[in-house]
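Visitor: Chain residues, written in single-letter form:
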Amino acid sequence: MIVLDALLQGILMGLLFALVALGLTIIFGMMDIVNFAHGEFLMIGMYTAYWTSLLLHIDPLITLPASAIVGMVLGLASYYWLVKYLLRGPMIAQLFGTFGLMLFLRYLAQFLFGIDYRIVQKGLLVGKSLTVGPFIFDWTKLSAAILSLIAFLLVYLLLHRTKLGKALRATALNREAANYMGIKTERMNALAWMIGGGTVGIAGGLIVNFWYVYPTVGLLFVMIAFASVAMGGFGSIKGAFFAGILIGMIEMLFPVFGHVIGSDFLGPHFKFTLVYFAYFVIVVFRPQGLFGWKH
Amino acid sequence: METLRDAFDFRDFSKPEKVGFVIFTLFLLVFPWLGAGSFVKAVVIQFLLFSLFGMGWNTIGGYGGQVELGKAQYVGIGAYTVALAMVWWKIPFWVSMPIGVLIALGYSFIIGYPLFRLKGHYFAIATICTSLVLQDIFINWKLVGAAKGIELPIHEHPDFLYMQFKSDTYYFYFIMALFYVAIFYMNWFRKSKLGYQLRMIKEDEEAAESLGIDARWCKIKAYSIASAFVAVGGGFLAVYNLYIDPYSVMDLDLSIKIALMAMLGGAGSMWGPIIGSAFLVPLDRFLGSWLGAHKGLIGVDFMIYSALIMIVSAYQPRGIWGIIEQFRKR
Amino acid sequence: MKMNKTFFIFASGLILFFLMVCSPLYAAEKEIKIGVLYPLSGAAATIGRDLQKAAEWTAEELVNNKKPDIDLLMTKWGGIPNLGGAKIKLIFADHRGEPDRGADLAKRLIEDDKVVGLMGAYHSSVTKTVSAVAERYQVPMINDSSTSPDLTRRGFKWFWRCTPHDEFFTKDLFELLKGLSEGKVKGVKTIPKDQLKNLAYACENTEWGSSVGKVIETYAKEYGFNVVKGILYDSKSPDLTSEARALIAAKPDCMLFASYLSDSILMIRTLKGMKASPNFFWGQNAGFEMADFPKTLGADINGVLTRTVFIAKIAKVKRIAGQINELYKKKYGDDVTGATGRSIVGVQTWAYVLNRAGSTDKKAIQKACNDINIPGYELVMPWDGVKFDATGQNILGKGLIGQYQWKEGKNELEIIYPFDLATANMIYPFPGWK
Chain C
1 MIVLDALLQG ILMGLLFALV ALGLTIIFGM MDIVNFAHGE FLMIGMYTAY WTSLLLHIDP
61 LITLPASAIV GMVLGLASYY WLVKYLLRGP MIAQLFGTFG LMLFLRYLAQ FLFGIDYRIV
121 QKGLLVGKSL TVGPFIFDWT KLSAAILSLI AFLLVYLLLH RTKLGKALRA TALNREAANY
181 MGIKTERMNA LAWMIGGGTV GIAGGLIVNF WYVYPTVGLL FVMIAFASVA MGGFGSIKGA
241 FFAGILIGMI EMLFPVFGHV IGSDFLGPHF KFTLVYFAYF VIVVFRPQGL FGWKH
Chain A
1 METLRDAFDF RDFSKPEKVG FVIFTLFLLV FPWLGAGSFV KAVVIQFLLF SLFGMGWNTI
61 GGYGGQVELG KAQYVGIGAY TVALAMVWWK IPFWVSMPIG VLIALGYSFI IGYPLFRLKG
121 HYFAIATICT SLVLQDIFIN WKLVGAAKGI ELPIHEHPDF LYMQFKSDTY YFYFIMALFY
181 VAIFYMNWFR KSKLGYQLRM IKEDEEAAES LGIDARWCKI KAYSIASAFV AVGGGFLAVY
241 NLYIDPYSVM DLDLSIKIAL MAMLGGAGSM WGPIIGSAFL VPLDRFLGSW LGAHKGLIGV
301 DFMIYSALIM IVSAYQPRGI WGIIEQFRKR
Chain V
1 MKMNKTFFIF ASGLILFFLM VCSPLYAAEK EIKIGVLYPL SGAAATIGRD LQKAAEWTAE
61 ELVNNKKPDI DLLMTKWGGI PNLGGAKIKL IFADHRGEPD RGADLAKRLI EDDKVVGLMG
121 AYHSSVTKTV SAVAERYQVP MINDSSTSPD LTRRGFKWFW RCTPHDEFFT KDLFELLKGL
181 SEGKVKGVKT IPKDQLKNLA YACENTEWGS SVGKVIETYA KEYGFNVVKG ILYDSKSPDL
241 TSEARALIAA KPDCMLFASY LSDSILMIRT LKGMKASPNF FWGQNAGFEM ADFPKTLGAD
301 INGVLTRTVF IAKIAKVKRI AGQINELYKK KYGDDVTGAT GRSIVGVQTW AYVLNRAGST
361 DKKAIQKACN DINIPGYELV MPWDGVKFDA TGQNILGKGL IGQYQWKEGK NELEIIYPFD
421 LATANMIYPF PGWK
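Chains as they are written, first to last, in my numbering: chain C, 1 to 295; chain A, 1 to 330; chain V, 1 to 434.
Possibly wrong hints are sitting among the right ones.
[Said to hold, decoys possible] DEER-style ranges, computed between Cβ atoms:
1) A:Gly106 - V:Lys178: 49 to 57 angstroms
2) V:Ala291 - A:Pro153: 36 to 44 angstroms
3) A:Lys191 - C:Arg169: 44 to 52 angstroms
4) A:Trp290 - V:Ala291: 24 to 32 angstroms
Quick caveat, the hints were computed from the structure, so don't treat them as lab data.
For glycine and all other residues, C-beta sits at the position ideal for the given N, C-alpha and C.
Based on the provided sequences and hints, a complete structural model is requested.
Guide: And the structure:
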């Protein structure tokens, strides 16, 4: 029973991790860039939700569009003002360029909002839980998981059912060929950053319902997002989805495992260690990740 | 013999480079007697230490072109070996530091072997992950002090064997000596067979392999060299700070800082890591200590710092050294 | 060619540039400089800035200027009397919670700013490196608020600590538990010990939390309690479901925590979500004591206990604490808290030590520190005073245990322990979630 409970909780948490990772993998799929500032996008999405709900006195759930819009604008701005130039350089310059962006956003937030920990105090879902038989679910996490599913479905439909999605995928597969076909690749890049920023903004708006927001909060989630994107295969949306769930399950099941065999050493303090270790093992045996198709 | 000659042979550098190097050396030699305050001295020691780290990183990250973001684990290995040997068995620094380097070498081979199956971003994230795993283990490992870290005993009198001095001047000369050993080594390395092979791999791995170069093995070797460098610095860190914990010597921030300084100065060039750390270490320390004590300016120092990083990496991917060379070519 | 050279000298002489800009500061005479290291930026900046305010305020208002309407000896001084009325000047440095940065700054304070002594550094890990520097340079350091027991066990000759450490505090907890089983607690009938016997703790896994966990286990054995589950967790983890599940599965009577702010709130919320129902909730200060904790959780924490060193309610039983708190509140709008109160005591102790030493000579200060005995009525804290033992630990310090009680839509922190200072009836057992 405790195992089943942990499994379900893990899937919920995993869906959330997957939502954070979604934007990262879209951006990577388009232009082979790992966006170090992704966690900071999340943080800004969280702040947006926090401030709009506080200042307009509305429920944090209704602020999701605001977070999404701010995330999109942020993605566009960073593409046109920074990433466009970074694309000329080698991988390492790209990494550090986005790393600089990460530091900049983080400390800009610190400068503007201070280092205080802020949390949404009231809300439709805050602190409420749903009891189904022996299982208890947080409403916040449950709704976040459902929205994450919807977001994945929408992105999937966008990529596979629309003309725009076709253009996006064509650019991702072969930039030059797409260019000859009359696809404006630059615009496609910008679009990828917009979608990436938007999804992570939504994730931020959801997370703020149960977790604190402070300037360095992004780091927590972004390491897990990195691991899930890399585990699933860079650029693969399916990969990010399943890797996110896998990570959520590892994170929940491992402490239960330690509890069942009665070991104090294998306690919850190693739960993320195991996630990193699992990533390492998986990519060593499958160097392109679980669902990867890129080098 | 030939190796030594190569190491001290700076003939292929341009004249301004040579002049600058000599001036810089002379400056460092007399630096402790210029009457600088101890904070400035500490900053210069940090600068030399990070140059050492950066030069080590440069072998694999710069010449080899592999984005390595897990160097902090080797800082930790070096620091913990020295600290534990001293606390448990009272082994002098001069014995424990080489042992630490050997452990780092061994560990880097074990980890490097599977690691270099990976390429590009997979490799970069995997190096971060290995470092985080080791950090987590040290945080929870009671035997090595867990999260509490280790305090080294303070000797009442200066003790050369255990590298305990009251004045920073001695530490300064020691790290300076290491720094120059590293410079001479790097000067040899860039001209060595491995150095050429690595640059070839960086250019085009498939072409290099078709010429009979075992790319994976070359990378592992360079990775181990880098790890050894960093472990030496870690050992120094332990005796210099007299306290280490997993958060200060094995943190992801440290890994990134090391790579960042080398990259910002100019990865794959001789002077890049030194310039990078000459830029970022003082910026970090001085700006931090000035602005930190003022209200309302929290984070401004980091904003300047990060804006610089963004501008340099967007404007010239070869870093500050690349910008300097660009100017010289004009 | 000339251009090239200029460029090169520019690159290699960068350090020289920074050297020139960083010229040491020379202050006016008749000032005694004390270096204070706090985390003024970074993750702990909120608390660091509060500490800075409190220290600065104490130096200005209580020591340097006369304030006849406060019943303290030192407010009649207007400077240090035995040093010809010299003023105390605090020089602040920001260590950001990084041990090596703290060490560098300590060197700067000692060598460049020529401070007489050091104070700080809040984080136990930073205090470790800073005190090691102080020891090496033989400069006295008085620590105000680091609670790791190890700090005073290193045989240092230049390090003293005013605050009680975690062992004192944890011992207080067990005294309270014992008191409950003996019927000593105000407003609670004697509780049979087997209703309290099983303890479970969850501590964050840095140096502080893990040492608290260890101390809990030692004292549990000594007092005859039973630790059924001990968990160390990562305070930065965004999800504590598995930790909470493990705690509940052990079915403890008492749940004990050592948590920072974000994880303490997440932990309580997760436990509430899982409908945990122990008899007794106790937190080791830090997160449980911060203003945001009751603000965020509201009525949910009715009945939760926290250890602390200062509660504004102390004014009811100690007049001077009320006076100081009122003055402080008038200036900054906040009550004095456990952290800022200790910072106040730190500066007070420095003033007394300097007065006793009668000079700024290091040896004289060392001797003064070893001999000092500040009576309790001179301090804002409900302590018996400040008197250091051979290891440098203040043996007259005392902890408090407070309980959040939900009254008329507001959380009030009432004193429960020590029993003679109790300000309200204890709520026992934990009344359950609202």
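Visitor: If a hint holds in the structure, say so; if it does not, say that too.
Guide: Taking the hints in turn, this is what the structure says about them:
1. The given range of 49 to 57 angstroms is respected by A:Gly106 and V:Lys178, whose C-beta atoms sit roughly 52 angstroms from each other.
2. Between V:Ala291 and A:Pro153 the beta carbons are some 41 angstroms apart, a value that agrees with the proposed interval 36 to 44 angstroms.
3. Checking the proposed 44 to 52 angstroms range against A:Lys191 and C:Arg169 shows it holds: the Cβ atoms sit about 47 angstroms from each other.
4. Taking the beta carbon of each, A:Trp290 and V:Ala291 are about 30 angstroms apart, inside 24 to 32 angstroms as hinted.
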